Amino acid sequence: MARYGMVIDLDRCTGCGACVTACKAENNVAIVSEDDAKMGRTMFWMKMLVGYEGEYPNIKMKFIPRLCFECDKPPCIKVCPVRATYKNEDGLVAQIYPQCIGCRYCMAACPYTVKVFNWYRYVPEKPMSNCINPDVSVRPKGVVEKCTFCIHRLQKAKELAQAEHRKMREGDYVPACMQVCPAKAFYFGDLDNPQNRVTEAMRDVRGFTLLEDLGTDPKVHYLHAK
Amino acid sequence: MNNKTIVILQVFSVTLIWGLVLSITALCIHLIHVAYRVHDVPDATVAISIIAILIFWVLGSILTYVFVGLHKQRG
Amino acid sequence: MRDIIIGSVAFLLALVISSVWFIHARDARSEVLQPIQFNHKLMIEKTGFTCMGCHKLVKTNARAGIPNIETCGMCHSQMMGKSNEENKVVAYVRQNKQIPWRTIYYVPDYVYFSHRRHVGIAKLKCSVCHGAIASMTTPPRKQFLAIKMQNCIDCHEKYKASTDCYACHR
Amino acid sequence: MNSQNYKTDEDEVLFRPIYHTGRGFYLIAAVLLLIMLVAGTLYVSQLIYGLGVTGMGEPVTWGFYIIDFIFFIGISHAGTLISAILRLSKAEWRRPITRMAEVITAIVLAIGGLHPIIDLGRPDRILHLVTSGRLQSPLLWDVFSITAYFTASTVYLYLPLIPDIALLRDRGDKHHKLYEFLSWGYNGSPEHKKVLERAINILMVMVIPIAISVHTIISWIFAMTLQPGWHSTIFGPYFVVGAIFSGIAALLIIMIIFRKAYHFENYLRDVHFDYLSTLLLIMSLLWFYFTFAEYLTGFYGHEPQEMRVFFYKIDGRFAPLFWLMVVCNFVIPVILLGFKKLRKIPGILIASFSVILGMWLERLIIVIPSLANPRLSYVRTGVYFPSITEVMLLLFGLAALGFGFMMFSKLFPLISIWEIKEGREESVHNVSQRLKGYFPAPQAMHSMEVEGHHEQ
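Protein chains in written order, with the numbering used here: chain A, 1 to 226; chain B, 1001 to 1075; chain C, 2001 to 2170; chain D, 3001 to 3456.
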């Protein structure tokens, strides 16, 4: 079984936000009203975290595209009371919407706060309602959702590979955020395959993960020269 | 409503607690079964269920003990 | 005391009624009537078509594909027999209007179901899910194998297919 | 009403609330019902529109509901635990207060147990807990422990109630059949007494670990996560201490209110309030010790993420609430209960209310700041302000507690009559016997009996 992971090169990232937009469009992530946004209910599976380094006037902005880190030892799955979130055979942390009872315990347990909750049933308004991706479900109200590494793409890619009687190749399956990145800051693929570019990038000395000391073993690594 | 109905109702109320106890037991066994099937830390499930089942069985037994004790020496 | 009895009886009654209604509402889907009483059996016998003759995408696509009037029109641009139902098809073809078939089998949007996976790769027979549809003289009115997760899982377990939720849920 | 025959009963006052209902009762009941109705309507709107009607957002994904959940379950420790401990330690002064404590437990547990369901985004899927529950999740531990505690405390309320029900049955006035049904044929014979006593003895030993486990497990919901401010080993005992603390305060409030309303002055005497409030004072000190230990270790370690939460609490947005909590939970009770002069009914009532408020604030201060300051420091600090729905559902809980208590008082005596009678008949003798057993010297018998009165 594969073990999908990602490397994001922060030195390449310009903070343009294409990944954020692509993710929102690809995964039918709801666009919330202004009032809700003020209450912190904005929904991002891929979020651009902005950090500031240095003191005025020598401020350096730091952009960190943050998606679900698909941890190898995820703290969120331990607490789920109904197995709505679990680690599947591809090493992805699954989030099964029809199973979720909406207790939001996983959200409280996730140290990276990657999960978002459907506070309402969001109905896309007119122009956006034409842009629903049929490959991805529109989540009902009251369930937790998160980045899936574009699992619908994996489902299709696996099936196509099977239909063509071959193994999955690198590049058969990439998440939307990586596909659109103009700076080519993303590497993605099977971490068990040492020939992949992603495994190569993971060996880079610049590599680090967020909150490494928690021992969650995120499968999304960052590259950043200090 | 005569005395007989009352006694029947009383017996019914005791069976209720046993219904709870047995359903909790069944639930625990079911959860252990599921945990084994999906390989999701079954030993922890077993440990927790043993405690839960034990507590409920003792509770049910105490209530039954009282019920039987109060009815045995009736009249 | 009487009030209590009446109250509890009413409560139990409400509970029974609501649970019966709940179970009933989940199971019994009203039957679907198609605009044309299509005869699968006759079609297969007369033309020698297989299922794939009309449902062309079944091996290569997620959806099997319902033939459009262009497909029907290849033969039925004029009457070939005398049946009343064929008459309707011809009428649709002549007016160049799609036949408003009604959906019987559907999966919710959070489920990824693909015919390619089941027919193309796993080589399942259509009858596994659709029953003896090839020998039916009228279109099916309801799902042969109800689209329920338990049914999927039973079969997946039987054939050792993946039962990972992420294999189908999305 | 033919209770005239029984007017001679020495404890007639305790039966009175069952047979006589004043106008004030209806008025208060109506107000409480109205509150519950309004809250119920708001909850229905939450069911329809989703949890968006609350003030929760991200990263503060738990709000009032979870706070109320901990708070109410905490209050439930009033009862069974205190009454079990007092029974176990043969504290004779417990006799008039055990029943009230147990009733609080049963009612509050039912209310508290509802809160996680209120908090669910999809309560319609609650059955998933049965079909595919994970016993490894602390939430499921909670489901089990609360169910166990609720069952145990209801049984523990019911068994000591049986003799009283039998008394009511023998009076034969109101709800005769109900009492006949509930009394399980108890006739007060020595055999029956023995059976009941034995069952109560087993139960009270069993109930204590269950009660402690319940609040420990609730604390583990938080402590099992990696969040700063939650991931603490001290949380179990800290929560239990807080729970008993707020439980005693709630018990004192209810005792004072119903003593006034139902004229129980002869039964709930100054000595009971004195002892209970001393217990409250001890718990207040203990609470302070735990709080101090918890925050000092966090502060001394100075882990950056921990410090973000720490300063948010004591110096940031939550500082007023934090210091109000300290005042309510520590300063006020210690002042009011520490001095004998102030430890009178009004002072105790004020202290109890302040403890209730303070303990509710404590739950708030545990839940919200940790969520508002996620570990990942790039994430913005969250804001949370409750919506009217959440506030009303808190009021619903309080109203339901009051209403449930009032309803109970109309069916069963609020003070355990048989225990009072037994105490009057037997315990004076028993206690003096016991006291004799405490000391070896037979010469000092006379002076010791004087002491004995003092002690019980």
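Hints in this document: simulated from the structure, not taken from any laboratory. These numbers were taken from a predicted model, which means no experiment stands behind them. Where hints are given, some of them may not hold.
[Unchecked claim] Derived pair list, reagent style PhoX-like, types lysine-lysine, alpha-carbon separation capped at 20 Å:
#: 1; chain 1: C; residue 1: 2059; chain 2: A; residue 2: 156
#: 2; chain 1: B; residue 1: 1072; chain 2: D; residue 2: 3193
#: 3; chain 1: A; residue 1: 38; chain 2: A; residue 2: 24
#: 4; chain 1: A; residue 1: 24; chain 2: A; residue 2: 226
Now for the hints, and whether the structure bears them out:
For the suggested pair residue 2059(C) and residue 156(A), the alpha carbons sit about 14 Å apart, so the restraint of at most 20 Å is met. Between the alpha carbons of residue 1072(B) and residue 3193(D) the distance comes to roughly 13 Å, so the proposed pair stays at or under 20 Å and holds. In summary, the hint linking residue 38(A) to residue 24(A) is supported, as the alpha carbons are separated by about 19 Å, within the 20 Å threshold. At most 20 Å may separate the alpha-carbon atoms for a hinted pair to count; residue 24(A) and residue 226(A) exceed this at roughly 31 Å.
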